[in-house]
Amino acid sequence: MRIPCPLCGERALEEFTYLGDATVKRPAAEETDPKAWYDFVYLRDNPRGPHRELWHHLHGCRAWLEVERDTLTHEVFDSRLARERGTEAK
Amino acid sequence: MRYSALKILKEGLTGNRGWKPVWREPEPRAEYDVVIVGAGGHGLATAHYLSKEFGVTNVAVLEKGWIGSGNVGRNTTIIRSNYMLPGNEPFYEFSLQLWEGLEQDLNYNAMVSQRGILNLYHSDPQRDAFARRGNAMRLAGADAVLLDQAGVREMCPFLDFDNARFPIKGGLWQPRGGTVRHDAVAWGYARAADSRGVDIIQNCEVTGFDIENGVCRGVETSRGRIRAKKVAVCVAGSSGRLMEKAGIRLPIESHVLQAFISEGLKPVIPGVVTFGAGHFYVNQSDKGGLVFGGDPDGYNSYAQRGGLPVVEDVCEGGMAIMPMIGRARLLRMWGGIMDMSMDGSPFIDRTPVDGLYFNGGWCYGGFKATPASGFCYAHLIAKDEPHPTAAAYRLDRFRHGAMIDEKGVGAQPNLH
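Those sequence lines, one after another, are chains A and B.
Numbering follows full-length UniProt numbering, with no gaps: position 34 of the first sequence is 34.
Numbering follows full-length UniProt numbering, with no gaps: position 350 of the second sequence is 350.
Rather than coming from a laboratory, the hints here were simulated on the basis of the structure.
Since we're looking at a predicted model, the values are computed, not measured.
Backbone N, C-alpha and C define an ideal beta-carbon position, used for all residues, glycine too.
A couple of the hints might just be wrong.
[What the hints assert, rightly or not] DSS-like mimics (lysine-lysine), calculated; alpha carbons at most 27 angstroms apart, straight line:
1. K25/A with K245/B
2. K20/B with K287/B
3. K10/B with K20/B
4. K35/A with K407/B
5. K52/B with K64/B
6. K245/B with K35/A
7. K245/B with K287/B
8. K287/B with K64/B
[What the hints assert, rightly or not] Incomplete in silico selection of chain A near chain B, CB under 10 angstroms:
9. A12
10. E14
11. R44
12. R48
13. R69
14. R83
Using the sequences and the hints, build the whole thing.
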């Protein structure tokens with residue numbers, strides 16, 4: 001598996017670390033409903049197929065990426081800087 | 001048909017023509033008391049204990065492929081009960097005790113071999129942690145021995161004791177740990193359950209649940225609708241995909257874990273050796289192959305195959321601690337899909353849907369748990385209350401802060 005980094009080009013998997021599902025949304029800081037936090041921290045769709053996920057180009061440019069990848073075939077469809085998609089890395 | 005030495009002798013002398021298939025291939029009936037989804041080790045064990053211990057025999061086990069085609073055929077065959085936390089250790093010790101009586105219980109040779117498991121330590125703090133774990137194990141009735149370097153050297157003289165980064169200072173030894181012939185576990189449970197009237201139905205994929213007003217009344221399958229008073233899901237690896245059809249999201253991600261086997265060698269490794277600091281563990285199969293593995297690949301996957309970086313990492317770990325492994329050639333490698341839960345511990349519980357039960361989240365530790373998982377799941381299904389040793393495996397434990405996190409890494413499945 002190779003992941004295209006928008007800054008560095010296509011790079012080997014060893015350069016990246018994985019965080020997880022990029023579609024879960026962190027609730028607002030003032031959110032007091034435990035269910036919203038429970039959903040965010042613990043529950044996942046865990047799809048077999050296309051999956052949007054956060055990768056860190058740790059041993060490269062250290063950018064956080066949002067990658068769309070197929071969890072069944074490991075094909076990578078798309079990769080962008082996480083900040084450009086408005087997704088915050090934790 | 002019971003197996004015995006006399007029977008083997010008689011068949012050997014008469015051309016082995018008297019053996020019969022050990023389970024039937026029945027057509028699914030329209031209704032059962034209990035339908036178990038998934039005929040892997042855990043599903044078949046559940047059927048066995050339901051029919052034997054709890055008197056529930058009107059049971060079907062549905063399997064989309066062939067029995068034992070998932071993780072019970074893909075693991076590295078290790079059994080052990082070297083956990084620490086109160087929610088885990090009594091359960092795994094119960095499982096080890098069931099392993100010890102398994103072959104007599106099933107009248108089936110599963111090649112249970114208690115040759116011991118050794119966890120290596122490399123520093124004073126790690127020794128303290130292992131001493132604590134060993135004490136926790138003994139408090140739960142398990143066995144544990146803390147070895148110093150000389151003790152490990154006597155057992156495994158081939159290890160690299162003076163490794164520059166991870167010099168071996170000793171190990172935590174569980175003599176009752178060991179290995180089991182994994183496929184025979186699935187076959188033995190299938191045969192035992194079948195002999196009491198359980199229908200094992202292969203090539204029958206569950207495509208949906210029949211849920212009316214919050215009550216599960218059966219399943220939709222590729223071979224038609226099957227009604228059931230209780231439906232018990234047991235499909236670790238694919239739990240998310242299946243439970244989604246019942247409208248339930250899980251605290252689980254599916255990840256791939258690889259395993260490896262070398263060509264057959266003469267006996268060199270006495271038991272199971274684990275090198276946690278370097279992500280490597282190894283044992284030797286009865287045929288002589290070195291069975292080894294390491295960490296999961298670390299990203300969501302349903303591919304049943306992993307990537308080369310982890311192959312390199314595992315082999316480096318092996319070379320670091322056991323340089324002689326470099327002389328062996330790798331024969332095969334494969335991957336299995338695991339339910340990685342948010343705290344590294346499993347679930348055996350009811351669900352928000354009445355009549356629908358869930359067993360999953362076994363991470364990379366499902367094989368050793370097979371007997372207790374089946375027993376406790378059967379207990380839950382038959383009595384509608386959890387078995388005492390599995391009482392902590394609640395599906396909603398994260399909601400109440402009652403996670404069972406052996407490693408203490410938090411809600412990050414790829415790190416457990």
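Hint-by-hint comparison with the structure:
no.: 1; hint: K25/A with K245/B; in the structure: 23 angstroms, holds
no.: 2; hint: K20/B with K287/B; in the structure: 26 angstroms, holds
no.: 3; hint: K10/B with K20/B; in the structure: 14 angstroms, holds
no.: 4; hint: K35/A with K407/B; in the structure: 25 angstroms, holds
no.: 5; hint: K52/B with K64/B; in the structure: 25 angstroms, holds
no.: 6; hint: K245/B with K35/A; in the structure: 22 angstroms, holds
no.: 7; hint: K245/B with K287/B; in the structure: 42 angstroms, violated
no.: 8; hint: K287/B with K64/B; in the structure: 30 angstroms, violated
no.: 9; hint: A12; in the structure: 7 angstroms, holds
no.: 10; hint: E14; in the structure: 5 angstroms, holds
no.: 11; hint: R44; in the structure: 5 angstroms, holds
no.: 12; hint: R48; in the structure: 4 angstroms, holds
no.: 13; hint: R69; in the structure: 8 angstroms, holds
no.: 14; hint: R83; in the structure: 21 angstroms, violated
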